[in-house]
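Participant: As they're listed, the protein sequences go chains A and B.
No gaps in the numbering here: position 420 of the first sequence is 420 in UniProt numbering, and each next residue is one more.
No gaps in the numbering here: position 348 of the second sequence is 348 in UniProt numbering, and each next residue is one more.
Read the hints as simulated data drawn from the structure, not as lab findings.
Copies of the same chain look alike in the list, so a pair counts if it fits in one copy or across any two.
Derived lysine to aspartate or glutamate pairs resembling EDC-like cross-links, with alpha carbons at most 16 Å apart: (1) K463 x D572; (2) K327 x E420; (3) K215 x D643.
Number of protein chains: 2
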Amino acid sequence: MHPTTQLLQNARDRVTFPKEELTKLIYVNDEIYETFMKAQKIIAQEPSIRNHADYHNWSRKEQIIKSYEKLRIMHQHFNLANVVHWAPLLSIFQGTTPTAVSFAMTVPALRFLGTDEQFNLWGPKFLTMEIVAAYAQTEIGHGSDVQNLETTATYDSQSNDFILHTPSVSAVKFWPGELGFLSNYALVYAKLIFNGKNKGVHPFMVQIRDNTTHKTLKGVTIGDIGPKLGYSTKDNGFLAFDNYRIPLNSMLARYVRIENGQFSRHGNEKISYASMMVSRQLIIFIYPRMAAQSLTVAIRYSITRQQFTNDKGIENSVIEYQTQQDKLLPRLATCYGMIFAGIRIMQLVDDNFHRVQRKDFSTLQQSHAILSAIKALSSQWVVDTAEWCRLSCGGHGYAHYSGIPAVYFDTAPNVTLEGENQVMYLQVARYLLKVLSYADKTPDKVPFYFSFVLQIKETLANKDLTNLTTSLGHLLKLTLTLQLISVAKQIKDLINSGKTSQQVWNQHVGIHLLSLAQRYAEYFIYLVFQEYITNANSSIKHILQQLCDLYSIQVILDNPNTLIESGSITTDQYKSLNELKIEMLNNIKPQAIGLVEAFDFNDNALRTCIGCHDGKPYEYIYDWATKDNSVNKVPKAVQAVIDLMGTKIKPKL
Amino acid sequence: MHPTTQLLQNARDRVTFPKEELTKLIYVNDEIYETFMKAQKIIAQEPSIRNHADYHNWSRKEQIIKSYEKLRIMHQHFNLANVVHWAPLLSIFQGTTPTAVSFAMTVPALRFLGTDEQFNLWGPKFLTMEIVAAYAQTEIGHGSDVQNLETTATYDSQSNDFILHTPSVSAVKFWPGELGFLSNYALVYAKLIFNGKNKGVHPFMVQIRDNTTHKTLKGVTIGDIGPKLGYSTKDNGFLAFDNYRIPLNSMLARYVRIENGQFSRHGNEKISYASMMVSRQLIIFIYPRMAAQSLTVAIRYSITRQQFTNDKGIENSVIEYQTQQDKLLPRLATCYGMIFAGIRIMQLVDDNFHRVQRKDFSTLQQSHAILSAIKALSSQWVVDTAEWCRLSCGGHGYAHYSGIPAVYFDTAPNVTLEGENQVMYLQVARYLLKVLSYADKTPDKVPFYFSFVLQIKETLANKDLTNLTTSLGHLLKLTLTLQLISVAKQIKDLINSGKTSQQVWNQHVGIHLLSLAQRYAEYFIYLVFQEYITNANSSIKHILQQLCDLYSIQVILDNPNTLIESGSITTDQYKSLNELKIEMLNNIKPQAIGLVEAFDFNDNALRTCIGCHDGKPYEYIYDWATKDNSVNKVPKAVQAVIDLMGTKIKPKL
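Required output: the full structure, derived from the provided sequences and hints.
Facilitator: Below is the structure:
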């Protein structure tokens, strides 16, 4: 056996839990797991869609054209309108997220905000991809603040239609994915002007390109917005209208309507949250799986990579170094928490949608708050994890051949898109303050995952930390409780001192509000972790508990200030927490290979040559660099060098 | 005046210090400043080297070929062998770092490790770029651990030359910059086998390509290693030898020599540190200036970007939000500390070199320790700063047109190259423990910047925190002192308990050692900051003190645990530190525009459309996207979409 294959095999032999039991939890149900395994296999075997080692040498133009070819072939194998089919593909597909916006944003918005007739008019065509529709909300000058969008839709009572117009450069629609090239429709958010009055921002389904020739229609200016940090094949676009007429039926009319020249509102407008929830939920569900890909690569590489000789004259696997364990293992533990939270949230959001469709809005706000908290925490965590995994692999992690930079590129936008993280956190903080106000007066209104506000007295009174390991959950709850009480008091004092609530919010407590919301997100993940441990098969209860413990202790150690500041833990207890963590690193280390391989990614899905199932990082690196690297086959480059060498520097030394 | 130009102008009018005084400090002396300003201007005016908005749409091949063309034109304007000429270019040049490796690594190594005859043989040809030579140390399987390199140079006593050989895949040279295409020579580090004995790793100057045809010589395999996270035009290369004969004179022979069939060593081998110091020093000197570029963009954009209406119905500039200030202003303060440390270190390293050339090694170790500490702290800080600046600009920060992603790409490798940061920190920790051991026995041997070890008693005894603002330096020193004492004790206890020192180092205290070294780096920056304040023109003493205060408090708040754990600060003092920071954010905010504009970057150097001198972010974004984005001119892409749309999904919903 090849020596590095042997190293991996030895590590696998030391794993003490049945990894297939974790696999079941990760993939929720057999349908998702089997679809995913089938998709992985098909993609690996199909030459035109499998991983191209040379991909990151290509121009954006080449990558974009290739992505459409790939998408065509994908249609032969997968039903891309079905989330169970396409969602898992996002994490294993090189360079593009096929028609995700149309399916994940525009279709749900149409379903929630359009009438049944409107859904039947366009919906089926979206689902068969006869039409692809972008979700055109953001403008160059306006992102998160939807109410200040500038694009206007002016109702013309004479012709009974709308005139869509972009009044300034800052009003140009900017950033919508799949708008640049792919879409022939767009769901455009515009300020409705009705009889000279601003009736607020509403969505309009607008044709922007010809269905056959795909040419841009007259009155519309449209294109790709240029290169970005990552997402190179995603055609984020710009869109401007020059007094562009659209029919009355363009306005999605479940909640607002113009009939017989009258404007009217119907039902609960909170529903507008609901359509954004689908895409946020997918971000939470899918992307921690890409962090798991990076962790798989980094853990395998850390076992096969040997550096500096030990006491016995043998080079150590770098996983043996405490500093390497510290980079990877707490993140591995957290990854499980993120995955479980993603699944739980999918269930909460599903439940909420069914309620909303029955006009029951009772769970809308809490789902929105949880979703926002975890969207923000999870998206930043995924990016950071990809970066730490990259750094843990030294130079080879920096190479695209490691597969890790692509994870960074494909996940970095999630921090900003679909609700910028900071805006999300501030909304969560606002909700937490609201829930706190329920605690005394209307405790029945406190939702299950926020019940810590009903336990404030007990939480503060509990001083028993004799067993630190079993107190970790308490410490997380205590931190959250203390921060919530503190910020609520600060706000109250500042308002009593004469500040407006806007001043307080924007200029005085912003940093504390962000911190509070993060503490809630961390605590929610702990709660879900506990649910999973309770319900787990006994063969994996122990490893899940270890993961939850390491997760919790890392969270506490990352932000111990509230506990220390309040005198909730002593100096000795703080030191013990540090020691406990090091003990946990030692416990998890031998299980690490099993924990990443429970995700069952094949080599093609990992897009790696340094973290393959059979090891051999150096052989694969050398193979890819010597055989698959197209820049080595460019005679022009050699000529450019020769020309350059001809122009020697004049010695003005 | 355009409204966003007006916003910037209003902000400039509020600045209260003379920014040209800071400019003088940033650029050290008139020669550097004037060269830099001239270079910025030339690059902005020369169409073939100025910023190309479309650059990040190109393939690597196109970018590489363009970079050589650019380099040719650069030769007409600049003396690229002169550090004062080319170093400032690194931060303002799109996509390549012209021949930096040859000038910054190979030439110094040749100067320090070669004999005078050897330097005269090759050095002048390097400096005129008649020869370009890579620095070929790292192998696929071996990075930081130079003594375990596998490439062999076997001395053949019959022919009195060496046979250079790559015995395995893991021994292939991998990662050296400028090796893939550009170099015709390489300084190859190989294990010298002399009469069957391993005489350690030494450098050999080896020709690898023909000087005229640039063809690879027989016995050599060479090429580019493939795409990476960033640095796309840098031809990091691989290099393998198949029993390749090189003359006796190839071995750099100042410290080791083979004469008359005898191997001998001469002088102090510590010198091998010295040549690496040049490139590390440049990393410290140059790259914080790229962080300053990101900060310039982010601060200007934060003034011109308005979001959410305030009490008066006007949209707020986002710089008015506390959370935005918290992202940017502590980093802006730290940036000045990093810049000053870079300059101070340049002076220390220069001084050390002059000593070394006189065979005085007395300052070698301390310079190396300071350099390593700041290399590690600074390189990671630059990357993090680029990322936070990007995030602070929302979606537009993510666009390449912002200029910020390129900073991330061009600086990310510095964390890993020229001494991987973690390896650097561990070396610093080792040196700190050594200096601690001097304190009692040989206090004379404690170097100036480590004199805190001579003040341990006073530092621990000082409990006076009545004025927190003037105690910040003390708190930094106290943290460092406490961590050093603690880790020294831990190591002693573990060794007394029977562990080997290697076990202790690798498996028990790694995390604490990293933390200790970071605390030293932070404290060093504080010391330099203080020197600058002392020596500054009175008109800027106050702003420098404010920057140093904000820097120091952020450092303390980021890692308060040692102080809290040891009971060195009380709960109330900790809260006061938080309040003090918020006060400082308010003080620095109106000065921010002056602080970034003291760097005097022109718009071309910033490579931005959202942070230009006259504002207008939206107009420039729209201009670039509509006029300069080549992917909008690709008929093939439209055809690919039409083909795609033709293959409708069969409705298996």
